[in-house]
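Student: Sequence:
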Amino acid sequence: MGKPTGFLEIERQESKIIDPHTRIQDFKEFHKPLSLEKQSAQAARCMDCGVPFCQNGQMIQGMVSGCPLKNLIPEWNDLIYHHHYQAALKRLLKTNNFPEFTSRVCPALCEAACTCSLNGESVTVRDNEQAIIENGFAQNLMIPQPPKQRINKKIAVIGSGPSGLAAADCLNHRGYHVTVFERDDRIGGLLMYGIPNMKLDKSIINRRIQLMKAEGIEFKVNSGIENKKQVNHLRKQYDRIILACGSRKPRDINVPGRDAKGIYFAVDYLSEVTKRYLSHQLYQSSFANTKDKNVVVIGGGDTGNDCVATAIRLGCKNVVQLEMMDELPCKRALNNPWPEWPRVKKTDYGQQEAIALFHQDPRIYKTTVKEFLKDDQGNLKQVVLISLEPKIIDGRMQMIPVDGSEKVINANLVLIAAGFVGAQEKIAQAFCVHLTPRGTVADTNYQTNQPGIYVAGDMRRGQSLVVWAIKEGREVARVVDKDLMGYSNL
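Using full-length UniProt numbering, you'd call the opening residue of the sequence shown number 1 and step up by one each time.
Any given hint could be a false lead.
Distance windows between CB atoms, simulated [claimed, not checked]: (1) P256 <-> G486: 53 to 61 Å; (2) I355 <-> H434: 42 to 50 Å; (3) Q13 <-> K261: 46 to 54 Å; (4) G404 <-> T436: 34 to 42 Å; (5) Q13 <-> W338: 18 to 26 Å; (6) M324 <-> G452: 39 to 47 Å.
Calculated pairs, DSSO-like style, for lysine-lysine (alpha carbon to alpha carbon, straight line, at most 30 Å) [as the list claims (entries may be wrong)]: (7) K407 <-> K293; (8) K213 <-> K28; (9) K249 <-> K90.
Note that these hints are calculated values from the structure, not bench results.
Every value quoted in this text rests on a predicted model; they were computed, and no experiment measured them.
All residues carry an ideal CB built from backbone N, CA and C; glycine is no exception.
From just these sequences and the hints, can you work out the full model?
Tutor: The following block contains the structure:
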């Protein structure tokens with residue numbers, strides 16, 4: 001490494017963040033990058049460690065440690081430090097199709113596994129990654145690079161989320177004729193409609209799509225493939241089909257009063273808000289308008305946090321976030337050593353905004369909904385909460401309701417962010433592919449039970465991270481290429 005003592009001499013400095021009271025006034029990104037000079041200094045903190053766990057992507061105790069894409073992090077950190085930004089860009093793109101996405105929405109698995117974090121603060125890997133790719137676009141280094149020679153084979157990719165886009169990108173660069181089908185009106189899947197604009201500005205997605213179009217990929221919007229007639233037509237036109245439709249079936253909350261007006265799935269809420277934001281109709285009458293409403297978010301994950309932040313920007317009166325599990329410790333427990341993923345409390349941007357605005361943490365731990373209460377018109381008016389306690393049943397820890405712990409709170413809008421339970425059945429039925437007990441599409445090395453039809457991303461592995469979806473897209477592209485050509489150089 002260029003500066004072996006950098007981690008001793010230079011303190012960690014992250015990108016600047018606009019304060020909560022200012023940033024909740026709009027839906028713009030609120031991270032302000034450092035200058036390239038300062039980012040280069042941060043790259044100097046990469047410590048020439050013996051084993052770079054940051055790029056390992058190894059499963060430990062059921063959770064990944066390091067980058068699933070196996071990004072060559074120490075290499076491009078060194079290149080940034082020496083101001084070789086174009087070379088750093090080439091090394092980054094060698095393993096990651098879309099660093100402009102991962103550097104914004106990934107939880108930085110790499111930083112949690114950074115050797116510096118064992119006894120101090122990790123290298124700012126995510127900010128370094130973003131600096132590389134954004135400098136690449138700014139310096140016109142990200143120019144279209146269509147394949148020099150085309151292969152006379154056609155590939156259909158169903159779904160334009162990160163796995164579908166990654167597969168399409170790889171196969172297009174290999175020389176195949178690739179068409180991506182998207183059921184919504186814009187390309188991007190959950191990148192477009194499942195992640196709020198302040199977290200991933202949609203211009204970032206559109207910029208990449210324009211580049212991919214210029215490289216020869218065809219995109220078709222409003223083109224869901226959901227019946228056997230459409231599938232049969234598709235199979236006649238294309239040599240191979242990749243299913244990358246995500247894990248789009250949301251987990252429901254089946255309690256009394258579930259039919260009350262004012263209860264929605266988080267993914268529908270976030271999609272509606274983004275659609276209205278992009279069409280400049282954000283504050284028009286809609287179920288998504290939370291102005292002056294008491295909002296309850298069910299689910300303590302990233303999507304729940306996004307709902308909290310979105311509801312605040314739309315002027316909610318109050319917001320509460322329910323978390324079934326207990327509050328995590330502020331520091332690693334002894335049974336959670338580095339380089340395992342740290343199971344510690346994280347207060348994300350939406351929760352920070354709620355604390356700043358309402359002067360209290362929106363999260364209520366070890367709590368779930370017992371009942372939804374309606375008024376005479378069937379509108380949601382209150383939610384009955386009940387506390388939970390852990391209990392071992394049949395060798396498994398379960399959260400059990402505590403009798404007598406009920407509490408009633410006011411609520412005009414409930415957003416269910418309890419995760420997803422697999423692929424949508426109608427798509428699986430249309431393609432005649434088998435499902436696993438988990439609701440994902442069954443496969444053998446990305447190949448479904450139907451010849452010529454493959455599956456990747458959340459549709460195959462279940463709800464996961466964008467970085468995993470990109471990895472899945474790259475892997476399925478390699479499998480398809482090998483099946484068609486007898487070998488693969490992807």
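Student: Each hint needs a verdict: does it hold in this structure or not?
Tutor: Hints, one by one, checked against the model:
no. : hint                      : result
1   : P256 <-> G486: 53 to 61 Å : holds, 59 Å
2   : I355 <-> H434: 42 to 50 Å : holds, 46 Å
3   : Q13 <-> K261: 46 to 54 Å  : holds, 48 Å
4   : G404 <-> T436: 34 to 42 Å : holds, 39 Å
5   : Q13 <-> W338: 18 to 26 Å  : holds, 22 Å
6   : M324 <-> G452: 39 to 47 Å : holds, 42 Å
7   : K407 <-> K293             : holds, 19 Å
8   : K213 <-> K28              : holds, 26 Å
9   : K249 <-> K90              : violated, 37 Å
When each numbered hint is compared with the structure, a violation occurs for hint 9 only.
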